[in-house]
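A.B. asks: Read top to bottom, the protein sequences are chains H and E. So for the first sequence, UniProt numbering puts the first residue at 1; every next one is plus one. So for the second sequence, UniProt numbering puts the first residue at 1; every next one is plus one.
To be clear, the hints were calculated from the coordinates, so they are not data collected in a lab. We put the CB at the ideal spot given by N, CA and C, even for glycine. There could be a bad hint or two in this list.
Said to hold, decoys possible - Selected chain H positions facing chain E (in silico; Cβ < 10 angstroms): (1) Asp-5; (2) Arg-6; (3) Tyr-7; (4) Ala-8; (5) Ser-12; (6) Leu-14; (7) Tyr-16; (8) Asn-34; (9) Arg-36; (10) Leu-37; (11) Leu-39; (12) Leu-180; (13) Ala-196.
What the hints assert, rightly or not - Computed beta-carbon distance windows for the label pairs: (14) E/Pro-124 with H/Gly-108: 56 to 64 angstroms; (15) E/Ile-117 with H/Gly-177: 34 to 42 angstroms; (16) H/Gly-177 with E/Gly-84: 47 to 55 angstroms; (17) H/Trp-198 with E/Thr-113: 19 to 27 angstroms; (18) H/Gly-177 with E/Leu-91: 51 to 59 angstroms.
Said to hold, decoys possible - Some but not every residue of chain H turned toward chain E, in silico, with C-beta under 10 angstroms: (19) Leu-10; (20) Pro-15; (21) Leu-20; (22) Val-99.
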Amino acid sequence: MAHSDRYAMLLSSLPYHGPLFGAKQTPLSRIRLNQRLALLDPVEADCLRHARRLLEWAQQEPDRTDAQAVVRAKQVIDGITNPFIRDLVTWRLEMRTLVAALRRRHRGESAPRDRRWGFGRWVGRIMQHWNEPAFGLERAIPWLPEAERLLRRGATVDLERLLLGAVWNHLESCSDGHYLDFEAVVIYVLRWDMIARWTTYDGAEAARRFDELVEQAMAGVEKSLRPSAAAPRPERT
Amino acid sequence: MNELVVALGWAGLFSPMALGAIGSVIGCSVAGQAAIGAMVDTDSGYGRYIGVSVMPSSQVIYGIVIMFSLQRDVTPVTAPALFGIGLLSGLALLFSAMRQGQACASAIHASKTKPEIFGLSLAPAAIVEGFAVFAFVFALVLAGGIPG
């Protein structure tokens, strides 16, 4: 039996996700998705779990340095046995490296001196062409000039849409020829993750979180001002 | 040498039936799995999914009919024709059933999301069936020309 037919049942049990930006909620809940993914072969399920651990922002450790994150990513990717997933994860991490470079430069940083700040094939080229708007990669990466322009304008929502759209389109092109196989499952799950991320963006929640952060920061400032306020005022003469 | 030729003749005689059955097993299992998956995700239309998933079973029926049409004394004179027609028609039935199973699985998968395309989504599977019918009919025509 052809290997590509193994996941006919699993894929048919997954509801259609529709377009990314039109989605109001994920096509099925995380619990149900995990229940359905229990049908995967254990080795392949492991590969998918490793990939999601690297790609999902919620699973990243914020305290880790860039160099540590790159080392960890290389370790995890070396452990992924499925070449399709390995390529997909590598592509996503290279994309994040490009975006990280754009953001660093936007903050006014100069070109990194060693190569441990980023992941993948573009690191050296980015360092060499640091002062070019799209690092000289306009032809290889068509969305990069637009991303640079949006970042410069401060259009963060549009930038996020552009980046998510680029990932979505890449997954679309990778899905060619994969209909009833493990690769189709991987693409579905990564798309589910993207929809989950997009649909949980909430303007009101973001404003509340912003206020919370401001309050935290101001509390620190007040605390540092308090001793001077408590100190006896010099008498006026 | 004659024994080998006769043995090949017997193999050819049984090939359409055996290869057709193998193809139907694979095709029906793939489409059947897709039908079960679709039933997990939907609340209606179960009969439709199961109906589509058994489409690749026709190949084994064609194989049985070809086998009976080829059935005659297997001699060094008839064996080469039995082998050629039987084996090649069997292979055609095998591959058509396998591919039809995949086409049916895709049809089930697509029509689950958009029920209005159910009929149209079956067109690829029907076209594959048409090729199996070609192999079947012309095997019968050629079987009529074998002496004995």
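A.B. asks: Taking the least C-beta to C-beta distance, is H/Arg-6 closer than 10 angstroms to chain E?
C.D. replies: 9 angstroms, holds
A.B. asks: Interface hint check: H/Ser-12, Cβ to nearest Cβ on chain E, cutoff 10 angstroms. Holds or violated?
C.D. replies: 3 angstroms, holds
A.B. asks: Could you say whether the range 56 to 64 angstroms given as a hint is met by the Cβ separation of E/Pro-124 and H/Gly-108?
C.D. replies: Since E/Pro-124 and H/Gly-108 have Cβ atoms about 57 angstroms apart, the given range 56 to 64 angstroms holds.
A.B. asks: Taking the closest Cβ pair, is H/Tyr-7 under 10 angstroms from chain E?
C.D. replies: Holds - the Cβ of H/Tyr-7 comes within 10 angstroms of chain E, reaching about 8 angstroms at its closest.
A.B. asks: Hint validation: H/Leu-20 versus chain E, beta carbon distance must be below 10 angstroms. Holds or violated?
C.D. replies: Nearest chain E Cβ about 16 angstroms off; hint violated.
A.B. asks: Hint check: is the beta carbon of H/Asp-5 less than 10 angstroms from a beta carbon of chain E?
C.D. replies: 5 angstroms, holds
A.B. asks: Does the CB of H/Leu-10 sit less than 10 angstroms away from some CB of chain E?
C.D. replies: At 6 angstroms from the nearest chain E Cβ, H/Leu-10 passes the 10 angstroms test, so the hint holds.
A.B. asks: Given H/Tyr-16 was flagged as interface, is its beta-carbon under 10 angstroms from a beta-carbon of chain E?
C.D. replies: 4 angstroms, holds
A.B. asks: Does the closest beta carbon of chain E sit nearer than 10 angstroms to the beta carbon of H/Ala-196?
C.D. replies: 18 angstroms, violated
A.B. asks: Have a go at the H/Leu-37 hint: is there a Cβ in chain E nearer than 10 angstroms to its own Cβ?
C.D. replies: This interface hint is violated because 13 angstroms lies over the 10 angstroms limit.
A.B. asks: Between H/Gly-177 and E/Gly-84, does the C-beta distance stay in 47 to 55 angstroms?
C.D. replies: Because 34 angstroms falls outside the window, the suggested range is violated.
A.B. asks: Please check whether H/Ala-8 passes as an interface residue: C-beta within 10 angstroms of a C-beta belonging to chain E.
C.D. replies: 4 angstroms, holds
Of the numbered hints given earlier, the model fails hints 8, 10, 13, 15, 16, 18, 21, 22; all others are met.
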